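**Student:** Knowing the structure of chain A, use the given hints to seat chain B on it.
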Amino acid sequence: MYTPRINWIFLILFGLAAIGVFVAALLLPPFRAVAYAPLRELIIPPPAPIVVTVLYSTEKQAWLEEVVPAFEASGANVNGHPVKIQMEKMGSWEIINAVLDGSRQPVIISPASMLQIAALQDSSTIQFGRSLVIPADAINCRPVLRTPLVLVAWKERADALWGQQPGASLWPNIHDALVNPKGWAAFNQPDWGYVKFGHTDPLKSNSGFMTILLMTYGYHGKTSGLTAADILNDSDYQKWFLEIEASIGQFEHSTGPLMQKMITYGPSVYDFVAVYESTAIEQAENAVGRYGELRVYYPPATLWSDHPFCVLNADWVTLDHRKAAILFLDYLVSKPVQEIALLKYGYRPVDTSIPLEQPGSPFDRYAANGFRADLSFLPEAQVPPGSALNTLRDFWARNVNR
Amino acid sequence: MRNTLYLLFSLLVILSLALSACGQIQGLLPGGSVTVSIVYGSEKKEWLEPLVAQFNAAGNKTAEGKLIVIEATPMGSIESVRGILEGALQPTVWSPASSVYIPVANAEWRKLHGEDLVTGNPNDLVLSPVVIAMWQPMAQALGWPDKAIGWADIAALATSEEGWSAYGHPEWGEFKFGHTHPAYSNSGIVSIIAEAYAGAGKQRGLTEADLDDPKVRDLMAAVEKSIIHYGTSTGFFAERMFERGPSYLSAAVLYENLVVAQETKRLNGQSSQIPVVAIYPKEGTFWTNNPYVVVNAPWVTAEQREAAGIFEAFLLDRPQQLKALEYGFRPADPSIPLTAPLDSQHGIDITQPKTILEIPSAAVIDKIQTLWRETKKPVDLVVVMDISGSMRGDKITTARASLLEFVKKLDDRDRLQIILFSSKISTLTPLTPLGPKRQQVLNSVAGIFEQGDTKLYDATLAAYQDLAANGNPDHIRAIVILSDGADTASNQTLDEVMSQINAAAGEGGNAIKIFTIAFGSDADENVLKQIAEPTGGKQYKSSPENIQKIYDEIATFF
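As given, the protein sequences belong to chains A and B, one line each in that order.
The first sequence maps to residues 0 to 401 in numbering that gives the first Met the number 0.
The second sequence maps to residues 0 to 557 in numbering that gives the first Met the number 0.
Everything labelled a hint here was simulated from the structure, so no lab data went into it.
All figures in this text were calculated on a predicted structure; none of them were measured in a lab.
A virtual CB, placed ideally from N, CA and C, is assigned to each residue, including glycine.
Keep in mind that the hints are not guaranteed to be accurate.
[Unchecked claim] Incomplete in silico selection of chain A near chain B, CB under 7 Å:
(1) G288
(2) R289
(3) E292
The following block holds chain A by itself, in its conformation from the complex:
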């Protein structure tokens, strides 16, 4: 019998059932993930996270990518709002430029060393009348990982050039070897061609900048008190410096690729390079079975890459941002996270209670390659004022940049 009324009821029931399925599809976790986002968010809005944007230097990418998801998953929150970390990697100097030109407005910056923080303090004060970073504020601006600048050399070649360990006049000796037209023949090794040194582009990469700073200190025979006048008013220094730079074939843009090329091309292209100790550790295994023994050498005075994480002193950083950022920094310096940095990535933890020579530590494994846990013998060159740093950068940019 034909009953249109019942058909209508059925249709309405089916319609409701279909809507039920539709909503259930949005609510059930397996469906939620694939559901159409705008609809999903309309029905159940997620709690608004506090997004902490971080501009960081590329060397520590692997470590950060390993530890940041665990931080986000830990339930860290500010007043019930979960903390989300949004990271972008850049060269250390690019970070400073991006902040100064306004193209990025991050909550935290983390270049490779305090050198950039000092330079930013100088530049931002000139540009904005106030500093975007306050390095003296130990809560908001703190070193998180440490690694010194070292020389990595093929042992056979280092033996010929400076023996067991480079002496106090390392940089003048390097200069003389690089510019000697006889090349390695002057060291009774005519088959090795000319002497080849490498460091990264100091305008793009922190390790390159540290290298030219140490070279400059080396020329002036001091480890502190470097001034802009030492760079601008000394033509002998300038000639000496530019001769070294002219002997370098190519300036890699960052430290990782430079070290990789050291390994893949071997001594035919680089007799020795200036890189971070952590970078050298990272590649120590890869050097085996290629061009002979690769060793690390500590220069007579070094600079430390201490990976400061600084919360910016800027209008766009809210109080919640600051709270969330502090939680993140506390996490990064916590023992388990610092241990990962040591054991897997060869950094020296800022938490000094973590022993460097523990079993499985790279300082234990690669001791035979010249890595030394105790560097108390090694003088540290002073970070000069921002004005001297910026002068050196400008000098390189005008006279070498290629």
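**Tutor:** For chain B alone, kept in the frame of chain A given last:
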């Protein structure tokens, strides 16, 4: 009734599920595609070609969901950049064999566009040093492996009147050397740069003034004197050396990976040649690093750049880098150990090279190329052209035009003879230096027309006899024959012609080489192949559409 309702219910459920998942469906809908064209140095073809196919088959997409299509073409590294500079090629990615030519490419591009063609530091895909590949007994005669051998030793051997006799091996005859054409191929340009360095006694800081030193010119002329012929690509050159053996070539400038590939073949029983080894020149060499350059050109779009980056990441990924090892390359990924086949069993030494030569400036490279043009081995060339009646129309027009272009590519010092054949055989111009008669030759070629029968064999023999009698054995001697049909009127048979040609093949790499072009579908390819191959030449198949390209390729031999 109930069935209809069930159907309706099911439809609604499916529809609602589909709607709720439409975020996913979006990714499945065709979103168009983005094509990345790549021109790359041919020596990495064996490695790259299957990877392109694999990548394309995997349906990789850009962030916007566009399908990435890679189109990769192998080409001589210098030839490809010339194409880009002239505007004939517009690739997204240029991956030459090495970075050596980048300063020149940038200098040229700056003149046209005010900026560099190659910006930033491109990543290396795979590595391999430039080596002198030499048959093992010959290398041993020079003192290998205990004594380091260099470019200067090659020059001394090349200039020695005694050839291999000076090393106690008169049975090996002359020293026969080869490198590719510097205007087309990376290994050619690095060979002549290395010669210039050896002549100047330097390893870096080569200046234009250094090139004026007569010692540089003398050394270059000495090495070039022992060249049997040039060639378009390094891979092709290796093939010829390893196919034809030590009587054809004593040594050639190749890449280490090509030595490994040949030794792998030999050890697997796929080649019956004697072992070949890599010599790392003691003064220094160059690396082929196969940079992956997304060109800084207006035709490259943002999405092509993105897609090119995705393909680059794929090539640098561990499985692909491991494959490179199988083909004899040193992977760019330092975490991959240099294991077999990169070992002494395969003729190489991974602790080498000990040093490199510095890449000179664009101006210096330019001047080295000019110096090479002036010192290179000249060619004595006989062009034999079919002008029988069947060449009527398109054929004679394109043959004439491409021959004109071909003549323009020859140097003034080269000697050229042109023989035309139909029912008769006539000499358009005798074997004399091209310089003084260039315009007259061009005028005569422009006036060629077709008529009569095809006296292919008689014309071949006439050319051969003329060149054997009048050609200078210190020059590259070659015959280029173009024919569009079978022989119809010769007095000689093919066998008679071949017996004379084969008699002289004992000269190995220095024998007269015959290149034959089968023009159009009626040409007798089999006969032309029989004429070309015993001489070390090559047979080409051609048509009015591609005849210019064939002539261009033949030109790379000289």
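**Student:** Double-check E292 (chain A) for me: the hint is only fine if its C-beta lies closer than 7 Å to a C-beta in chain B.
**Tutor:** violated (12 Å)
**Student:** Identify whether the interface hint at R289 (chain A) stands, where standing means a beta carbon of chain B within less than 7 Å of its own.
**Tutor:** R289 (chain A) check passes; min Cβ-Cβ to chain B is 6 Å, inside 7 Å.
**Student:** Does the closest beta carbon of chain B sit nearer than 7 Å to the beta carbon of G288 (chain A)?
**Tutor:** Constraint on G288 (chain A) satisfied, holds at 6 Å.
Consistency with the previously given hints fails for number 3 only.
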